[in-house]
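Trainee: The chain contents come next:
There are 2 protein chains.
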Amino acid sequence: MADVAARKRTRGGGGAARRAERTSVQVETAKYIERRIPNFEILDDAALAMIEDHAEQVLEEIGVSFVNNPAALDRWRAAGASVDGDRVRLPRGLARELIKTAPAQFTQHARNPERSVEIGGKNLVLAPVYGPPFVRDLDGGRRYATIEDFRKFVKLGQMSKWLHHSGGTVCEPTDVPVNKRHLDMLLAHMTLSDKPFMGSVTEPSRAQDSVDMCKILFGEEFATNNTVMTSLININSPLTFDDVMMGALEVYSANMQACIVSPFIVGGAMAPVSVAGTLVQVLAEVLAGVAYTQLVRPGAPVIMGAFVTSIDMNSGAPTFGTPEASQITYGAGQLARRLNLPFRSAGSFCGSKLPDAQAAYETANSLNMGLLSGVNFMLHACGWLEGGLVSSFEKFVMDADQLGTLHKMAEGVTVDEDTLAMDAIREVGPGGHYLGCAHTQANFKTAFWRSDLLDYKPYETWSEEGARDTVALASARVQKLIDTYQQPPLDPAIHAALNAYVAEKKASMPDAFA
Amino acid sequence: MADVAARKRTRGGGGAARRAERTSVQVETAKYIERRIPNFEILDDAALAMIEDHAEQVLEEIGVSFVNNPAALDRWRAAGASVDGDRVRLPRGLARELIKTAPAQFTQHARNPERSVEIGGKNLVLAPVYGPPFVRDLDGGRRYATIEDFRKFVKLGQMSKWLHHSGGTVCEPTDVPVNKRHLDMLLAHMTLSDKPFMGSVTEPSRAQDSVDMCKILFGEEFATNNTVMTSLININSPLTFDDVMMGALEVYSANMQACIVSPFIVGGAMAPVSVAGTLVQVLAEVLAGVAYTQLVRPGAPVIMGAFVTSIDMNSGAPTFGTPEASQITYGAGQLARRLNLPFRSAGSFCGSKLPDAQAAYETANSLNMGLLSGVNFMLHACGWLEGGLVSSFEKFVMDADQLGTLHKMAEGVTVDEDTLAMDAIREVGPGGHYLGCAHTQANFKTAFWRSDLLDYKPYETWSEEGARDTVALASARVQKLIDTYQQPPLDPAIHAALNAYVAEKKASMPDAFA
Numbered sequence: 004m005a006d007v008a009a010r011k012r013t014r015g016g017g018g019a020a021r022r023a024e025r026t027s028v029q030v031e032t033a034k035y036i037e038r039r040i041p042n043f044e045i046l047d048d049a050a051l052a053m054i055e056d057h058a059e060q061v062l063e064e065i066g067v068s069f070v071n072n073p074a075a076l077d078r079w080r081a082a083g084a085s086v087d088g089d090r091v092r093l094p095r096g097l098a099r100e101l102i103k104t105a106p107a108q109f110t111q112h113a114r115n116p117e118r119s120v121e122i123g124g125k126n127l128v129l130a131p132v133y134g135p136p137f138v139r140d141l142d143g144g145r146r147y148a149t150i151e152d153f154r155k156f157v158k159l160g161q162m163s164k165w166l167h168h169s170g171g172t173v174c175e176p177t178d179v180p181v182n183k184r185h186l187d188m189l190l191a192h193m194t195l196s197d198k199p200f201m202g203s204v205t206e207p208s209r210a211q212d213s214v215d216m217c218k219i220l221f222g223e224e225f226a227t228n229n230t231v232m233t234s235l236i237n238i239n240s241p242l243t244f245d246d247v248m249m250g251a252l253e254v255y256s257a258n259m260q261a262c263i264v265s266p267f268i269v270g271g272a273m274a275p276v277s278v279a280g281t282l283v284q285v286l287a288e289v290l291a292g293v294a295y296t297q298l299v300r301p302g303a304p305v306i307m308g309a310f311v312t313s314i315d316m317n318s319g320a321p322t323f324g325t326p327e328a329s330q331i332t333y334g335a336g337q338l339a340r341r342l343n344l345p346f347r348s349a350g351s352f353c354g355s356k357l358p359d360a361q362a363a364y365e366t367a368n369s370l371n372m373g374l375l376s377g378v379n380f381m382l383h384a385c386g387w388l389e390g391g392l393v394s395s396f397e398k399f400v401m402d403a404d405q406l407g408t409l410h411k412m413a414e415g416v417t418v419d420e421d422t423l424a425m426d427a428i429r430e431v432g433p434g435g436h437y438l439g440c441a442h443t444q445a446n447f448k449t450a451f452w453r454s455d456l457l458d459y460k461p462y463e464t465w466s467e468e469g470a471r472d473t474v475a476l477a478s479a480r481v482q483k484l485i486d487t488y489q490q491p492p493l494d495p496a497i498h499a500a501l502n503a504y505v506a507e508k509k510a511s512m513p514d515a516f517a
Numbered sequence: 004m005a006d007v008a009a010r011k012r013t014r015g016g017g018g019a020a021r022r023a024e025r026t027s028v029q030v031e032t033a034k035y036i037e038r039r040i041p042n043f044e045i046l047d048d049a050a051l052a053m054i055e056d057h058a059e060q061v062l063e064e065i066g067v068s069f070v071n072n073p074a075a076l077d078r079w080r081a082a083g084a085s086v087d088g089d090r091v092r093l094p095r096g097l098a099r100e101l102i103k104t105a106p107a108q109f110t111q112h113a114r115n116p117e118r119s120v121e122i123g124g125k126n127l128v129l130a131p132v133y134g135p136p137f138v139r140d141l142d143g144g145r146r147y148a149t150i151e152d153f154r155k156f157v158k159l160g161q162m163s164k165w166l167h168h169s170g171g172t173v174c175e176p177t178d179v180p181v182n183k184r185h186l187d188m189l190l191a192h193m194t195l196s197d198k199p200f201m202g203s204v205t206e207p208s209r210a211q212d213s214v215d216m217c218k219i220l221f222g223e224e225f226a227t228n229n230t231v232m233t234s235l236i237n238i239n240s241p242l243t244f245d246d247v248m249m250g251a252l253e254v255y256s257a258n259m260q261a262c263i264v265s266p267f268i269v270g271g272a273m274a275p276v277s278v279a280g281t282l283v284q285v286l287a288e289v290l291a292g293v294a295y296t297q298l299v300r301p302g303a304p305v306i307m308g309a310f311v312t313s314i315d316m317n318s319g320a321p322t323f324g325t326p327e328a329s330q331i332t333y334g335a336g337q338l339a340r341r342l343n344l345p346f347r348s349a350g351s352f353c354g355s356k357l358p359d360a361q362a363a364y365e366t367a368n369s370l371n372m373g374l375l376s377g378v379n380f381m382l383h384a385c386g387w388l389e390g391g392l393v394s395s396f397e398k399f400v401m402d403a404d405q406l407g408t409l410h411k412m413a414e415g416v417t418v419d420e421d422t423l424a425m426d427a428i429r430e431v432g433p434g435g436h437y438l439g440c441a442h443t444q445a446n447f448k449t450a451f452w453r454s455d456l457l458d459y460k461p462y463e464t465w466s467e468e469g470a471r472d473t474v475a476l477a478s479a480r481v482q483k484l485i486d487t488y489q490q491p492p493l494d495p496a497i498h499a500a501l502n503a504y505v506a507e508k509k510a511s512m513p514d515a516f517a
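If you read the protein sequences in the order shown, they are chains B and X.
Each residue of the first sequence is one higher than the one before, starting from 4 at the first, in our numbering.
Each residue of the second sequence is one higher than the one before, starting from 4 at the first, in our numbering.
One or more of the hints may lead you astray.
When chains are identical, the list treats them as one kind, so a pair holds in a single copy or across two.
Stated by the list, open to error - Here are the simulated SDA-like cross-link-like pairs (lysine to any residue), alpha carbons at most 25 Å apart as the crow flies: (1) 483 / 318; (2) 483 / 317; (3) 411 / 48; (4) 460 / 272; (5) 125 / 41; (6) 411 / 42; (7) 34 / 504; (8) 460 / 320; (9) 448 / 320; (10) 411 / 318; (11) 411 / 267; (12) 218 / 300; (13) 34 / 446; (14) 448 / 317; (15) 164 / 318; (16) 411 / 317; (17) 411 / 222; (18) 125 / 40; (19) 460 / 134; (20) 125 / 47.
Calculated from the structure, these hints are not laboratory results.
Please model the complete structure; the sequences and the hints are all you need to start from.
Mentor: Structure (structure tokens):
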């Protein structure tokens, strides 16, 4: 009890969240998904073993580059790797040995304890789109993103029932100087949402700002001893670890904050044109990157990532929701489980310029695959458009609604005397109907997943109401969510301290726009 | 060789198809899918055994109704069932024993032998939408379907690379009298397409017309000794087999033509509101229906069907692409495999009124599930709109394009020294790119599935070309396919005989419109 009370004192949102529960509209957030269904295993053990063997060969013979990073080279040398220039070659088995200290599962704490997530195991945590410089909505079309757009997305995330995580760069606020925007972004996540969030990775100093602001939000002791951020560390595939990303990784790992170590693959460009070859490279990169987190701090939480698209060999454009990306992700999930690491992949990926049928086909292909491939952390789970150049307000709520289907699917099928429903079949008999029978009356409210967005109306009603398509319905839903948005309560002293930190940091630097 | 020659002589399309190959534009059709990936198994053996046990209990204790069908009741009595009024109760194990004579896999022959399909095993055969009274396209909106619409869909099916089957009632030609339209529909499939097709089921006499026309098309001997049609026999769920559908089934089974014995389930209305209860009822219905085909003629080819939607408990509307439908289909696939029967389910299902994002999400959910659930025959694989009330021209080509992703996904992942691509990884090294390397050059043409429809262009090009959404692209593709459509050659004597059969039959009856 003493521990619980102490923990409550040190965290900004706990008491506030409980007060919120007692007042007005309840904003509902589903618990992260705990799968009660198997994973889809596309590769057999022999194929997996061949891929693992070849990945070791890549590390041993070709190696990886740690660019502009003498400290990293020192760490590798000390661990027994061979270092030649910035090339690091790992003796067979070294990476695999080093990653044993990485946890198979970890808790990322939210300031509202009810929103904390367990990353790993059979769980699936859903986070929104990350990175686009543009936004699009039905009224305003496509335009550069601003910090106001950013805040609006954070609010939509807070209001989205099936989204467990507030994410990170939900769009790139291009109206704020490059060297200061991380402060505004963090402030938005910390104050407009009580879901877990991601830290900045664009400079080691910005990662440090993220850590320091978390110490204000969660209390210094809590943030020092717990994981309160999960941040995205991309690998410059093929086989290259740049100093900026590694600098951020070093800050986070040293502070026990989670990193997603994620090859960034456009198949045919950054990796071989074959699924198996891509898996070899992905695994080699992940082994090196995850091992490096453990060199920085053994036990640091880390996720095996795999961002995978293929390339359209006609236009050179990346393509999304394709069968090859699915095959790679299924295989990568199997490799992650054999490494006993949490796995990040899939998302609301699409190449379409509009939130139209193409966008939805491609997105649904990826979301379904993400569920069945055993993904533990799905970044970009909603709102992605145009190959990641655009965050779409309408698609955000469209995808976020579809995430509900993953929750229901993951529950699996309960087979017991109640669900087998012999009494109902007996009661209804040949030629009857089940609408009024006792079993239906007892179960209909929870039996079927129901969209909060899509059109289920009779044709005539739908026509009279304006024959709206999904984007029109989504546009109305965006407005409704924003209109009913409630800011989750936060201790005013903490809020003031965060504001002061941001103001002071901003004042300490000139504006930079590149 | 004598057999082959004889067969060629008796079939309308063989020689003609070969002639077509030698002339002008080649219309490409992919081979039916042969899966090299596992199925997704959502239920464990204990759950499956419980469902099977309860299905037997339903058949034994509650039974099924064969309505207005004294001959069926006689057959059941002779087989050892207990008959009380129109209620047939089957002793435990009887149905399971009877269905042992049903083939696990069968060939449905097309008049062009290259288009024949193998139904069962690890195969997946894709057929278009079936049944809608309305059509929709971008220019004309929603309207009652005509025989000209019907013919246009058959032409689109013929031109669709990833569609293996011409289907049946691709739309309901409401401008032709009810009692004559089956003749025009069959004539269209037989003359405008050389893919396999379905027969009429709306009256036993129309099933007989279908058989008789096939004897003209394929030759009497060939059509008598081979399966040349697969037709859809719906069960009036719950547990009722009406005389019209059974009359058609009796004609087809007696003639060794394939039936899909298919419970028609709107969960919560025609079956229990639970997944497990629905599976119990589906299995009981299929066991009785498939057993009945074997009473009519042991060895008759038959497919276990499961048409499954759930109901929106707010509006009463059926809903599509939902997680419950997926769970039921995954389970039904497992039950079908344990019965050693081909399995029909899934499709381009959606509730949306327009071919928009809702339609695409719901459709993709169902198509992906259909591939992984082991479906062998997928009716409605393209073109379905508005809960099956509408056949959409644009959605037909949109879905048909997506079917390509299933083909590629089903190929699985080849892991060997070539695909592991060590030479490429070595050649490129850290920081390089794979676009020009030898492995990419050797493989890029076949490495990645590519849409024939979706937009992969740069934003600027797409904008300049009119910023078209998927429906606009699809509308253009419909027109292109129709403009380049080539009628597959058919022996003029056979064509004339088919025309004469249709004319004579039409002249023999007054028009009926209900």
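Trainee: So, for every hint listed, does it hold in this structure?
Mentor: Structure-based check of all given hints:
no. : hint      : in the structure
1   : 483 / 318 : between (39 Å within a copy, 22 Å between copies)
2   : 483 / 317 : between (42 Å within a copy, 20 Å between copies)
3   : 411 / 48  : between (30 Å within a copy, 22 Å between copies)
4   : 460 / 272 : between (46 Å within a copy, 18 Å between copies)
5   : 125 / 41  : both (9 Å within a copy, 20 Å between copies)
6   : 411 / 42  : both (15 Å within a copy, 20 Å between copies)
7   : 34 / 504  : neither (32 Å within a copy, 64 Å between copies)
8   : 460 / 320 : between (38 Å within a copy, 7 Å between copies)
9   : 448 / 320 : between (45 Å within a copy, 15 Å between copies)
10  : 411 / 318 : between (38 Å within a copy, 20 Å between copies)
11  : 411 / 267 : between (30 Å within a copy, 23 Å between copies)
12  : 218 / 300 : within (19 Å within a copy, 77 Å between copies)
13  : 34 / 446  : within (21 Å within a copy, 44 Å between copies)
14  : 448 / 317 : between (50 Å within a copy, 10 Å between copies)
15  : 164 / 318 : between (38 Å within a copy, 22 Å between copies)
16  : 411 / 317 : between (39 Å within a copy, 18 Å between copies)
17  : 411 / 222 : neither (36 Å within a copy, 51 Å between copies)
18  : 125 / 40  : both (9 Å within a copy, 22 Å between copies)
19  : 460 / 134 : between (36 Å within a copy, 21 Å between copies)
20  : 125 / 47  : both (20 Å within a copy, 17 Å between copies)
When held up to the earlier numbered hints, the structure conflicts with 7 and 17 and fits the remainder.
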